[in-house]
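There are 2 protein chains.
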Amino acid sequence: MINRLCIIGVGLIGGSLARALRGAQACAHITGCGRSEENLQRACELGVIDDYSTDIAEAVKGADMIVLSVPLRAMPAIFRIIDVHIDAQAIITDVGSAKSTVVQAARDNLHNNIARFVPGHPIAGTEQSGVEASFAELFNERRVILTPLPENKTEAVERVKKMWEAAGALVQLMPVDHHDEVLAATSHLPHILAFGLVDTLSKMSDRDEIFQYAAGGFRDFSRIASSDPLMWRDICIENSAAIIQIMDNFLQDLEALKQAIATADLDTVEAIFRRAKEARDRYTEQLAPSSK
Amino acid sequence: MINRLCIIGVGLIGGSLARALRGAQACAHITGCGRSEENLQRACELGVIDDYSTDIAEAVKGADMIVLSVPLRAMPAIFRIIDVHIDAQAIITDVGSAKSTVVQAARDNLHNNIARFVPGHPIAGTEQSGVEASFAELFNERRVILTPLPENKTEAVERVKKMWEAAGALVQLMPVDHHDEVLAATSHLPHILAFGLVDTLSKMSDRDEIFQYAAGGFRDFSRIASSDPLMWRDICIENSAAIIQIMDNFLQDLEALKQAIATADLDTVEAIFRRAKEARDRYTEQLAPSSK
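Protein sequences appear in the order of chains A and B.
By numbering that gives the first Met the number 0, the letter at position 241 of the first sequence is numbered 240, and the numbering carries on one by one without gaps.
By numbering that gives the first Met the number 0, the letter at position 243 of the second sequence is numbered 242, and the numbering carries on one by one without gaps.
Please note that a few of the clues may not be correct.
Claimed, not checked - Within a straight-line C-alpha distance of at most 27 Å, the following computed DSSO-like cross-link-like pairs (lysine-lysine) qualify:
1. 160/B to 257/A
2. 257/A to 202/B
3. 202/A to 257/A
4. 152/A to 60/A
Think of the hints as simulated: they come from the structure by calculation, not from any bench.
Computed from a prediction, not measured in an experiment: that's the story for all the values here.
Kindly generate the complete structure, drawing on both the sequences and the hints.
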């Protein structure tokens with residue numbers, strides 16, 4: 000049970016976590032914090048948070064759990080302020096999609112409080128942004144990866160784990176580097192390809208006509224290109240090492256596939272498509288029928 | 000009104016067209032044709048077709064409308080047989096996803112009957128295959144592109160147009176080359192990227208774990224990688240000229256995006272993502288709310 004939860008950044012993820020914990024009665028009081036007073040007022044009206052402050056030092060006062068749910072590049076400055084205003088019992092966690100740079104930012108700014116920071120990442124989201132898009136079920140049966148630091152006490156990790164489980168999530172632990180590699184492959188690269196494809200098409204001279212003839216496959220494929228450009232810019236920059244690695248693999252594979260198409264190499268093209276379909280079909284078998 | 004419709008290839012597309020035309024009472028009799036007797040029997044049991052033959056010469060006898068709904072590479076041999084068994088009043092059309100090579104195959108094999116062939120392509124489908132997956136509503140409000148030949152009489156084009164409109168589709172005419180360019184961009188490239196991404200991931204050493212952490216974005220993005228590998232192999236080979244062109248554009252853009260990420264060029268990455276989101280959001284505004 001959390002006594003006072005402070006959510007810094009009350010958007011899709013922060014707002015959904017607040018809603019989920021309130022629904023589960025896992026939290027006595029929720030304070031919101033952010034730069035936009037208008038957004039925080041809206042979050043109050045929606046019942047997502049109990050009160051708010053645009054001042055971080057003020058917002059974290061008395062909190063026993065602090066969740067950073069802000070763009071990756073906003074985290075260092077927030078850690079710096081938290082470091083000098085945090086309560087003795089408080090635990091800090093975050094929801095950043097890349098973990099190496101967040102951990103580095105925490106080490107650079109949290110000083111004596113580094114042991115209280117348990118890095119986290121819920122593998123959930125939609126292409127929508129903002130508190131209006133938040134909903135209590137977002138983390139239901141979804142995975143949350145925690146990448147604990149050597150300095151973390153077991154109890155600190157347990158408290159963050161219990162919070163996410165109360166929100167309905169399945170929590171797993173993983174080393175920081177491994178998290179960043181796995182997410183580069185399964186999330187960051189697909190977003191880059193979707194943004195990239197739509198951008199390539201939007202530069203074509205007959206682009207209006209092109210989009211007019213796009214069908215269901217394109218609609219599903221490109222959905223994530225409607226995601227927040229700033230958030231995804233930050234993710235790409237903050238996880239660039241792992242992303243460049245997987246992009247290199249993909250570019251090499253795509254070049255080989257292009258050569259196979261150009262030379263009418265039926266066997267190679269078929270082998271690639273067949274391997275992909277088998278992997279994709281295996282993957283969907285693991286999903287709930289409703290989410291295939 | 001079609002008197003005798005002959006559908007060669009009773010799968011997702013051919014089966015759905017039969018169901019739609021029957022539902023609209025636009026067709027008195029439907030004969031199915033294909034290589035698998037088991038599949039044709041199943042189509043009869045499902046009420047999709049009235050009767051069938053595995054012999055093309057037999058199946059097209061007496062038909063006033065013949066629809067080729069087979070893989071692209073199967074078309075030349077079928078045109079050759081149709082050419083000598085077609086009825087005097089019959090019109091031929093197809094549903095191939097690439098049109099230049101189909102038109103060439105028709106010119107090579109239909110001889111004196113080329114004027115009766117009106118090339119077509121319904122922009123509809125799912126990642127499923129086979130007559131079991133067919134449904135009457137597949138073409139509802141979907142676009143069908145016809146790419147008429149100079150030899151076609153207006154009446155022949157009209158008859159094919161009316162057939163698709165009876166099935167619920169919106170029919171538009173377009174030159175062959177332009178069709179192939181537009182489809183390479185909006186359909187063929189997205190499929191290649193989805194197949195390619197899943198294949199790249201499936202070759203990683205920790206692939207089982209990788210897929211385990213894939214979330215909703217990946218699920219939507221990769222759905223089309225569950226499509227029929229043989230059908231898509233054929234599409235890539237048959238539309239290779241237009242596909243190689245758009246792949247080159249995309250590879251160049253993706254390489255530039257990679258460089259921007261590698262050099263932490265925030266402005267360039269943001270500009271690409273923002274342009275893509277704007278184009279994607281404009282595109283979804285044109286869609287019905289239910290299909291966004």
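Hints, one by one, checked against the model:
1. As the CA atoms of residue 160/B and residue 257/A are separated by approximately 35 Å, the hinted pair breaks the 27 Å bound.
2. Between the alpha carbons of residue 257/A and residue 202/B the distance comes to roughly 18 Å, so the proposed pair stays at or under 27 Å and holds.
3. A hinted pair counts as satisfied when its Cα atoms are at most 27 Å apart, and residue 202/A with residue 257/A qualifies at roughly 21 Å.
4. Restraint check for residue 152/A and residue 60/A: satisfied, since their Cα atoms lie roughly 22 Å apart, inside the 27 Å limit.
The earlier numbered hint that this structure contradicts is number 1, and it is the only one.
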